[in-house]
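Undergrad: Here is how the chains run, residue by residue.
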Amino acid sequence: MDELTALLASTIRNATPLAFAALGGLFSERSGVINIGLEGMMLISAFAGVAGAQGSGSTVFGLLVALAVGLLFGLVHAVASITFEADQIISGIAINLLALGGTGLLMVLFFGSGGTSPRIEPFSRIDIPLLADIPIVGAIFSQSVLVYLLYALVPITWWVLYRSRFGLRLRAVGEVPEAVDTAGVNVFRLRYIGVGLSGMLAGLGGAFLSMSLLSAFTEGMTNGRGFIALAALIFGRWNPVGAFAAALLFGFAQAVVFRGGIGFTVPQEFIEMFPYLLVIVALVGFGGRAVPPAASGQPYRKE
Amino acid sequence: MRTPKLLAALFALALLLAACGGGDEGESSGSSDASEPAAATSEAAGGASEAGSEGGTSSTDASDVMAAMVTDVGGLGDQSFNDSANAGLERAASELGAQKNVLESGAPTDYVNNLTQLAQNNFSPIFAVGFLMTDAVTEVAPQFPDQSFAIIDSVVEEPNVASLTFREEQGSYLAGVAAGLMTQEDTEFTNPDDKTVGFLGGLEGPLIKKFEAGYTAGVQSVCEDCEVLVEYAGTTPEAFNDPAAGQEIALRLNDRGADIIYHASGATGAGLFEAANDRQFFAIGVDSDQAAVNPGIPILTSMLKRVDNAVFQTVEQFANDEFPGGEVQTFGLAEDGVGLAPFGEFSDLVPSEVTDAVDQARQDIIDGNVEVPTEPQQ
Amino acid sequence: MLEMRGVTKAFGSTVANDSIDLELRKGEIHGLLGENGAGKSTLVKILYGLYKADEGEIYIDGEPAGITTPSDAVDRGIGMVHQHFMLVPTLSVAENVVLGAEPGQGPRLDIAAAERAVRDLSERYGLRVDPTANVGHLSVGVQQRVEVLKTLYRDARILVLDEPTAVLTPQETDELFTVLRGFVDEGLSIILITHKLGELLGVSDRITVIRDGKVVDTVVTSETDEAELARLMVGREVVLQVAKEDVEAGDVRMEASDLIVDGASGEAVSGVGLEIRSGEILGVAGVDGNGQVELAEALAGVRQPRSGRIELAGEDVTALDSAAMRARGLAYVPEDRGGKGLVGEFTLAENFVLKTYRRSMFSKIGWLLRNAIRAFARRRIDAFDVRPPNPQASAASLSGGNQQKVIVARELAGEPDVLIANQPTRGVDVGAIEFIHGQLLEQRERGAAILLISLELDEIRQLADRIAVMYDGRIVGEIDAADATDEQLGLWMAGRGGPDEDQPTGDDRVRS
Amino acid sequence: MSGDEIEEVDEAEGRRSIGEILREQVVAAGRALIFPAVALAIALLVGVVVILITGNSVIEAYAALLRGGFGSRQALGRTISNATPLIFTGLAVAIPFRGGLFNIGGEGQLFIGAIAGVWIGLTMPGPGPLVAFVAIIVAGLAGWIWGAIPGLLKIWGAHEVITTIMLNFIGINLTFWLAKNPLSGEGAVPGTGFVPEGVRLTRLGGGLGAAHYGFVLGIVAAIVAYILIWRTTKGYELRTVGQAPGAARYAGMSVAANSFLAIALGGMFAGLGGGLESLGTFGKVSVPFISNLGFNGIGVALLGRNHPAGVVLGAIFFGGLAAGAQQMQFSTGVPLDLADVLLAIVLLFVTATKLVEYLLGRRARTFAAGTRLEKGLAG
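Chains as they are written, first to last, in this note's numbering: chain A, 1 to 303; chain B, 1001 to 1378; chain C, 2001 to 2512; chain D, 3001 to 3379.
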């Protein structure tokens, strides 16, 4: 395998969990709910997928469990921040902590001890006939089924956001929830759906880590990817295509680090700072500010 | 606005029920004497561990040895020295009837606290598992001069501390011999045309360098023109806990021709196994027989680090009043402290010359004919 | 057509609506008249399903309407134009109009159909709007049209307009009323909410007056007059004309020339010059959003002008900040009580020294003298009869009128030479309005120079000695109060008839 | 110039009786405790479920939790030792919060402070106490700088919630690089070398274990923070900017300068906490170093209603919980992770305005003051 192909393949592997979670963040933040809890939702779903697959012997069932648990954590965030009007940032931080402690506890309960879970049968790689044989770009078409799902989800998310009724309402509710309410649409339900979807998509990202990229759960295995996903979302300006592109960029940066493409003249610590620095640069300069949906961060309260 | 109210009510109700249930349960099962922590713990530790039934024997055999260990932040389940040390304690509990307690550490601040906690409750010997606890043992041990401590993988010069270190380079040397020979074989996992092998380390540091040095020396002893590619997973503690990074690095090493990759990177190694499985090349495990717990994955063998033996032996010495306080105990091939796991699942692919060469190397080291370096030779 | 019976709604201990009965007939424009805080908005919010009534029933065509959500209201044919527009600035006109009732099959949004529908409606009802325009870029008057289109798109038969004229010039108001009469001819029924009783006389068929949450009376418009409505609304005979002493205007106290000030979205004040004299009230009229806020803030030192010059008693103070201006005898009552005038979570005492906390009387070497601050607050509270009279009470816990009194009490402390008051009576009850008007006149008699900015033309005409009209960042006309007519002022407010005859109109951004 | 003369006031008029003040304080404290109490109650109830699932006795486990946190001198020592850095990271959140900013960057600021303190401790010659003093000052200064960065970025339009999160990762990586390269020391544990014994902070003694005088400094810091925020004109400006930026502009205060000051001050406190932790508890910066103190500081601050006194109490509570969880692990075998779960649930509900409203009625809404910033990310 030549270096370029390998680099591309590595980029996609690294970008996939980021992109799933970034798309998840998009649904939440477009609905007006900040989601700092992406990291936690990824982590708990990564665990749930493996536990589900272990318990049932079916990887697909495990994925469903991961989705369900992602949804559940999304709903916890929703109940706290939408219904109970807790601070969205605090609630997100709490979700992260809950996932960290929760997976630690559940590892002991399910598998007897913490650390790394037993292996499961992961989603296997599928080569798309003909396309996978193209030099270099063939790597795009030699991936696990979850990656193809991601390829599909990016345009679908775009379509949903900009070409569907739900998308119109979602875009509106993140900006001026009062307008949506007076138009006869339930603001709370919209936000619940947005945050719920967010949890499921972040869950997919986590499941990809533990069930496709790898085939076991390791405590703390998300290792900050949820935050990088958040960064990708901002860098991509709350747009699905932009977020995907940003995830690819960060994935590429990681691939370069892992593959030693720059010859390690720069200490690795500095390379690891790169995505975070990029976000700050993006926020400050590079064609103006990144403006989040106007109502994000504020609970909606009638009366 | 009815839904949220209902939700709140349900939520409160659920919690209330849970609370009531909890109270009842607590009273009925709260039979063990909470004021006697040692008694309560042996029970709890036994219940929590998989080998709970074995722990039960401790109550019949009234031994006065109360052995305990503190894990480092890796915790139980690391499939490495923490688990191995725990296994040693288990064995001590079942064979010697010692009581045991295991405290996990959530943060570096916990090291001192956990050690102190155990010492104050009269546990002895107390094992501090991992070099990360060096400073903590140095601090706590002098405060409890009448009790015995042991530290794994490091040296603490206190009269009541036994330092248990391992000659990882010796075991790694054997792994290197196997790798250097096998890479020249033509199997479904190896390509004889490219005499390249790899090493994947976790966080770069003196300890892991010992693995690298021994492995490289071993490879070169049987294959002078073999190349050993060396990569480390990172420079932060997460380097031991990032399987995704491990996979990426393993794939890269494989891309560059390495068909056998040895790792010393904790949980990160799980990524190596993924890559080996995906690309069908050989991995070599570390610390415990990782092939045994990962069936189907092309793991050639594993370098064994018998922390369990060391722990068991030390408890035994303590029970016999022979505790090696103030001494540095070195566990090498000769002491059965390190070794190489048998070529299990894939032994059919391993020619007898390889097995012989490994045995020969082991004997040479034990006899002192071969001196294995502890630092990578440039 | 529509009947509300015994509608009651309480917020905590305050009863906003007390057993209200209201009846709307088919094809009528029904005025709902009341002071600020009388309960008008609460009532229509109940009607629209935004609030839930504690008691009472709503009937449409004799049937119980059972409205609990806005979508119920929409289903029953009720459309509402809110006082604060319910528009999403980042979306297009068509997207805003169809939001919640989108055309399309399945989940798909048919944006072309939406734009077509908007175009059809706007032609049919004579409400010119470009369906593809971004709402955030539209002028206020056009945004209101979008709001009306939203209700028409939903086939509203009953249209509720909450204070629709607050943001319009007299001419735009007339236009709106013409459109509304057209609606009535099409068979719609309209509830028109306002606190400006004059407006209703021209356009409505019947008027229901509410006061303190109760219906006072429902009268037929043709059988009543302004004086009766005023009496019903306030509950006592009101002197509609404020008694104003003659005061000879003195020296120029404050002067501004060629002032250019930037607002949130570009230039807001484009070359304003004015002078305010001792013993004189200069009224600035104009529709909201024509640069009044930025002008006031620039004069008060809160906002740094881009260019131009401001003089206070002959001294160049252009570069000075608000605290420095205060020290030179300038007082400023901002238009936004909650956001600018007061800090809600602070105590009244803390609020009383918002601009004077650095004075040696209230702090020494950076150390707050809390006892002195409290004592000062206690005096001002007594002098202005602020309730509750507790300096430790948080500002947020006070009623709007009392909050405004706190601001005025603070600003008038120490007898300022110049007072800039931007909408000092916005959203407060009549008692507080009378009190504040009295204070302004008292200051005028004392010899202070006063700049009064208001969106209420009536208020300006009652109080001001001279009237300037702002439009699009400029002063387009200035006239002695005695010579002013509503027509003239209205034309200026619409940007017409001023010195710049070729000024673009409010619809300039609409290309349909 | 008549506007300058506001009538003279008699200070005595503004003086209040002790009883009046006391009554007010008690009522305020009672109200302030409602939110934390509700959140805590929920957390403990969830804890009951978890303990039952792990097959342990609830009473025993909670008894151990309490005993491990406050049951003995050693327990108290552990609690104090845990609480010390949390007081600082709590203040690092509370003070910017009063200025209207949400500082999630305590973690990175603490690391930077820790490494800066050790740098001085390792390299500066001179008598120990003097070096320690300078080291602590420099730690605070380094934290100030690290906190000032998001302050500056805020002025340029980047929201501090995002930038502080990003700066955490950057600060931690930078610290590790410094600890392993220019400042790397001998020894088995990777990281810097130990600072000389004389530079390390004195322990409190009295059987309190590792607890050192940093705790006393923490109390002092809280008092200083209180005075700064509530008794000085600077604090008055800061609070005005935090609660009503429009009013601050109206009053001629600089919103940008005060926002900057608020978060830089926050960074300073986190940096001080880091310096005390590295110089006091550990004597070095190891890799790995303590983690999550910055994030837990957010919980501490919110539990303490972003008031210095509350922060101290919240830190002691968090510290006690961590110490108690250890005892619980020892005595009953309930996994350590339970403490994280309990904290998470406290956090989840400590700002849940509406929940408290459901439980206690609408009046409870006014008790929410000090727990939230009303503006969103776009603000």
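Where hints are given, some of them may not hold.
[Stated by the list, open to error] Just a sample of chain D residues kept apart from chain B, beta carbon distances all over 10 Å, derived:
#1 LEU3022
#2 ALA3028
#3 GLY3205
#4 GLY3206
#5 TYR3226
#6 VAL3255
#7 ASN3292
#8 LEU3336
[To be verified] Just so you have them, the derived chain B footprint on chain A, three or more residues with Cβ under 8 Å:
#9 4-15
#10 21-27
Hints listed in this document are in silico derivations from the structure and should not be mistaken for laboratory results.
For each residue, glycine too, the CB sits at the ideal point set by N, CA and C.
Undergrad: Please write out, lowest number first, the hints stated earlier that are contradicted by the structure.
TA: 7, 8, 10
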